[in-house]
Amino acid sequence: MSPAAFWQIVLELLVAGAISVPFGHYLARVFQDQKTLLDPVLDPVDGLIYRLIGRDVVKQAMDWKGYAAGMLLTNLLMGLLIYGILSWQGHLPWNPLHFPDVNPLLAFNTAASFITNTNWQNYGGESTLSLFSQMAAITFPMFTSAATGVVVAIAFFRALGPARDKGRNLGNFYRDFVRVLTRVFLLPCLFITPILVWTGSPETLTGMVTAHLIQGGTQHIPMGPVADLEVIKHLGTNGGGFFNANSAHPFENPTPLSNLIETLLMMVTPMALVITFGRMVGNRKLARVMYGVMASMLVVAMFVAVGAEQRGTPLLAHAGLMQHAGGGQMGGNMVGKEVRFGITQSAIFDTVSTAFTTGSVNSALDSYTPLGGMVSLVQMMLNCVFGGKGVGTLNFLMYGLFAVFIAGLMVGRTPEFLGKKIEKREIVLASLALLVHPLIILIPTAWSLVSPYGVSSLGNSGSHGLSEVLYAFTSAAANNGSAFAGLNGNTPWYNVSLGLVILFGRYASIIFMLAIAGSLAAKPPVQETIGTLKTDTALFGGFWFATIIVVGALTFLPGLVLGPIAEYFALYAHHTLSGVGR
Amino acid sequence: MSRTFGTALRLTLLSWAMFGLGYPLLEVGINQLAFPGAANGSLVRVKGQVVGSRLIEQRFTGAGWFHGRPSAVHMNPRSSGASNLGPSSAKLARHLAARRARLLARHPHLAGRRLPADMITSSGSGLDPDITPANAYLQAPWVARDRGLPLAVVHRLVARHVRGPWLGLFGQARVDVLSLNLGLRRIAARARHARMAP
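Going line by line, the protein sequences match chains A and B.
Be aware that the first sequence starts at 1, since it is given in this note's numbering, and climbs by one per residue.
Be aware that the second sequence starts at 1001, since it is given in this note's numbering, and climbs by one per residue.
This is chain B alone, in the form it adopts within the complex (with noise of 0.2 Å):
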């Protein structure tokens, strides 16, 4: 028994080594040398410096962003999940209520308008990045008149930030929201340069 004891302990404490210790620290020194953006992660830097992560949802209230999905955990990423509300929850019901209503206070020509699925549902890690190619394109006209661009413009910056399922089949299209906001605010920057200049 005492040997059996011995035997059992060394190989708990060999893999332990291995498997604990070994196997992910060099798995981080390979992936840090070879993919050190992802590895990182997908930090974007403004001007040196970090305004978010390309896969992290950040909050964009009010005129002239496109929006996220709404988050379960008000978009903390120290805290990620989902609302876990039931299917038949009443307080699902109500808060997709609640949201729709926001949505057609500043909205009003929305009413009686079935939305996109992602649009006021809530994501399962409360930091989806992305939202639907229509949800994007519902949003467009109200980004364009508040940032006075042209709608075929923004029509055309959504169309630049669409990605496809992988190969076409798995998966489903998507927008990054980050991306797209970052691509709006450089459109509308040269705009306003183009308007200043005589």
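Bound-form chain A, shown alone (with noise of 0.2 Å):
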């Protein structure tokens, strides 16, 4: 690895965690009430939003169960709307490029895709959606499905929280909501946009524009409200992209140092909330080390992936491109890659959007060697390398929970976790929600891979082709939405199965983890002793880290046997065996 791209990486991840520290502090202060600097400001703001939706309905205090019908019922009034706007577009303003209805599978499965965050994309933006659609149905739910996730993991946060006035309290989902979305979500938007549009990123109503190219000839270009969905698409790590080939065109991303934007706002966030955690709970000592566990695998995946798509592969070689970098090209695999990134740029990207579940792309992942794809798709089984906004927290929380009941029955010592006991039914809750991951992904995987309609979509054949549905299941499922872009995912089979993935992926783990809070907040706490088994050291921040690994190697090994590894092997050997590989 070269200096350069090792400086890349270091420094990305030092400037992201400096930010995450004073960020996940302040977001700290947002949610237990305490005094923020922009209250003066943001204080009348919320007043009128609640004043609008209900002055005596945001002071109630709501258990699990509120909470979570509260979440259901905003996110599924807003689905509908999405669907709504998608399904008759033809009708409505702002529509230069005069695009038709959405068809309603499309329609739900983008619905579906965005109320939670997923930001799969089953359609180019640029050849199917109005300018009113890429404000009103992508751009909003940009900002309500982040918040929603960020309520979700403060809920439980609470309830693992010092005991004091709590009882079966998790905190008001709608005031959390507002305060979320003010806070946290719009400022920032409204001071970054401009920055972005200073690096290129086109902002206007202007659908399109003709240009006669200097060899002759016409090009139309589109462009719309971009630079503004960029900013939320990535701090709220949704992944949604206004063009189809997403943050790899030169619009949404146009030069390295709106990449550089790019990549610390998916980053900021999931990372403060580990921060905002500890503060929470009052034990920053397990933050620490639970920030130190995903740290450390962020880590070895960036180097992973940038470490393969540097080295290229027998194939490009055997192309006659060179390899290595130097002399004024950079080497490696630039297949689906841009200039301006080079593969630094383009791995870190890519590497953070499926750690941090975002799944906006600037380089073709479908183009990714074997081993640099691979990094992706685990980061999506795993699902917790920090994750997206407050789920990722949970679910690595969850694994913590595993952890603690593991270790409990190893060295004969009741389960304990934050002083809060772990018995059978927040390890009953715990296992459903760890098993719908892997039973979402692999039953439609197996499905669409024995299937006519499921088969007919790939873009690639042979191992690529298991790797290209494996990586549409998993993406679906962890919410994440960046894709192995080969396989057409617009066919009625891939819009309703990703379409249903998603919603179970998210709802059903949130609904678990939510019921567990519920259960752990009605406990009260128990004195620790010497026999407590303590949680935050960095032992046991070891055997948390092997729990995920064994448990995420164990369910998904054979899969990644069939895909990237036989990939990778059968690359290599041909090339070697047929004495081509140089």
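The set of hints was computed from the structure by calculation and includes no laboratory data.
Careful, some of the hints might be misleading.
What the hints assert, rightly or not - Stretch-level coverage of chain A by chain B, calculated; a stretch enters the list once three of its residues show a Cβ under 8 Å from a Cβ in chain B: (1) 174–187; (2) 244–252.
Unchecked claim - Listed below are several chain B residues computed to face chain A (Cβ distance under 10 Å; list not exhaustive): (3) 1015; (4) 1016; (5) 1023; (6) 1065; (7) 1084; (8) 1086; (9) 1089; (10) 1092; (11) 1093; (12) 1105; (13) 1107; (14) 1109; (15) 1115; (16) 1119; (17) 1127; (18) 1168.
Just so we're clear, the structure is a prediction, and the values are computed from it rather than from any experiment.
Glycine residues also receive a C-beta, built at the ideal position from the N, C-alpha and C atoms.
Take the two lone chains and join them into the complex the hints point to.
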């Protein structure tokens, strides 16, 4: 690895880490109703919103069922609104290119995808959606789905926090939701959008410009309100692009600087939430252990991905391409990558995007080397390498409950976590939450691979074709949204199956986790004794990490072997045995 | 329950108005005033006519121009995207071999040489406006010959158009093909003018 690549990785992680600490403390202050500097500006705004939605409703304390009901109902209504807008876009304003209504199955898939923060796209934005749809049905849920993830995590943190006056109370969904929107997402978006425009991202209501090219002929260049969407797309770890090419498109991501901004935006909130967790449960040492485990997994993933892409493949070497960087070119695997990002910024971006479940890409993952692509796949399978805002931390805590339970059994102690006994009910619920993920990935993947309507969508054959399908359902289940985009997802089968997997992946695990929160909140804290298994140590961090890897590996290893690993060996064997591997 | 429904409905409509309409329209207003060039797509005008966007690749073929990267979508901005061919795809190998063969047919002296990584691979967006400096310098001799310009002049032109990584570290050195070719056209016109002058 070149020094430049090394330093790009290290500096980006350091900057993101440095922002995440104060940001995490700020989030904790917001949700513990402590004063922040922004109160004088935002209190009147929030007050107005509370008045409009019902001032007494936002004061109620909610147990886990009330909290979940508010969340589900709001999400359902928003999903219906999005579905309606997409289905009627032909009759709605700001449709300069006269796109027709989106067909019902695609509209279902898109509404399910954007309301759950997944942003899987079975359509190309510039060839399907009106400017009105891009704003009112795409940019809008990017805020609300991100807020949903955050508030659910916050409710869980409250359940684990010091008991004080809480009882079964997890807070008020509506109030948390509004405060996340205004205090965490709106303000940064307002100020960062102009910076992104300054780097070159368009922000206009003109739908398309016709250029008369230098060598003759014309080029029709679609544009629109792109920059504002890009900011919340990354800050909210959403990932859905204005254009089909997503953040590889020069309008979405014009320069290395815009790329850096987008990468950092993806990282800060999920990283900060770990800090917020530590503060809200009153155990910062535990948060540091968690942060350390997640950060180590991310560092390994980044170095593997950047290394694999820089190494290139025998196929590219055989095609007569330079494989080493130097002399004004970058070498490596440039298939599906943009020159301004090169190898390093491409691999970092896509690694971050699949770790933090954003799902935006600045290079074509389908064309990554087998190992580079596998890094993204594995991160979505584990789904807790920081993960999406809120839900990533929750998944990590879910593994933590298992680690406590298993370690407790091994050394013969009552499993306790943050002073709460972990008993049958919690472990049953956590097992359900854990099992949902592989079930909704592996069953539909297998089904697709043995059905003609599943296989006919493949863009590549052999193990890589298997990887495409496995990737699609993993991405949907993890609510990531990135794709091995050679797969044509806009078919009835994939629109419906991916849409359902997305909904299960999101709401099943959230409901199980809220149920655990409700159960833990109701428990009286137990006094820490000499017999208590300490969870805030590096040793337990290692055990936690091992639990994640063992459970993840056992579940998904067969799929990985048949997909990327088989492809890796086939690729190298083919070019070595035929004597052309140079 | 009906009260919960009312609250959820009002919250839905209110946040829709704020984030689905208010926020994007406000940003359009601010940025149209603050950065009209970038906010409208970084369009390049020659004599008042839009000849392209600085950020969107357009086709340059034949002699006398620098060529951009191959595109999986024929440089059509209405359907951006990559080839999405996998790393062991036989089709990818065929595409690369065909592009290399086409290049070698015009420039036989390249036979047996390794090419810069971006020269025959297609990009992620299909609209990559840039090429690497190595790619540009490799093309410089034949562009100079076709234009009847001294090689040193074309080299200087390329050097002027190379943009380094941000802060010297982030991203990759690159040359934007549209600006480079517009520069080329200007110096070629000047040279022609000078030759015709008495």
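We went through each hint and held it up to the structure:
1. Counting residues of the stretch 174–187 of chain A whose beta carbon lies closer than 8 Å to any beta carbon of chain B gives 5, which reaches the threshold of three, so the coverage claim holds.
2. Counting residues of the stretch 244–252 of chain A whose CB falls under 8 Å from any CB of chain B gives 6; the rule of at least 3 is met.
3. Interface restraint check: residue 1015(B) against chain A, minimum CB-CB distance 6 Å, threshold 10 Å, status holds.
4. Because the closest C-beta pair between residue 1016(B) and chain A is about 5 Å apart, less than 10 Å, the hint holds.
5. The beta carbon of residue 1023(B) comes within 6 Å of a beta carbon in chain A, closer than 10 Å, and the hint placing it at the interface holds.
6. Taken as an interface hint, residue 1065(B) checks out: its beta carbon lies about 7 Å from the nearest beta carbon of chain A, inside 10 Å.
7. The beta carbon of residue 1084(B) comes within 4 Å of a beta carbon in chain A, closer than 10 Å, and the hint placing it at the interface holds.
8. Because the beta carbon of residue 1086(B) sits about 4 Å from the nearest beta carbon in chain A, less than 10 Å, this interface hint is met.
9. Among the interface hints, the one on residue 1089(B) holds; its C-beta lies about 6 Å from the nearest C-beta in chain A, closer than the 10 Å criterion.
10. With a least beta-carbon distance of about 7 Å to chain A, the hint placing residue 1092(B) at the interface is held under the 10 Å criterion.
11. Here the hint on residue 1093(B) is kept, as its CB sits about 6 Å from the closest CB of chain A, short of 10 Å.
12. Against a cut-off of 10 Å between C-beta atoms, the interface hint on residue 1105(B) is violated, since the closest Cβ of chain A lies about 14 Å away.
13. Contact between residue 1107(B) and chain A, as hinted, is not supported at the beta carbon level, the nearest pair being about 13 Å apart and thus beyond 10 Å.
14. For residue 1109(B), the interface hint is violated, since its Cβ never comes within 10 Å of a Cβ in chain A; the closest pair sits about 14 Å apart.
15. Given hint, residue 1115(B) at the interface with chain A, holds; its Cβ is 6 Å from that chain's nearest Cβ, closer than 10 Å.
16. The interface hint given for residue 1119(B) holds, since its Cβ lies 8 Å from the closest Cβ of chain A, which is under the 10 Å cut-off.
17. The interface hint given for residue 1127(B) holds, since its Cβ lies 6 Å from the closest Cβ of chain A, which is under the 10 Å cut-off.
18. Hint on residue 1168(B) holds. Least Cβ distance to chain A is approximately 9 Å, under the 10 Å limit.
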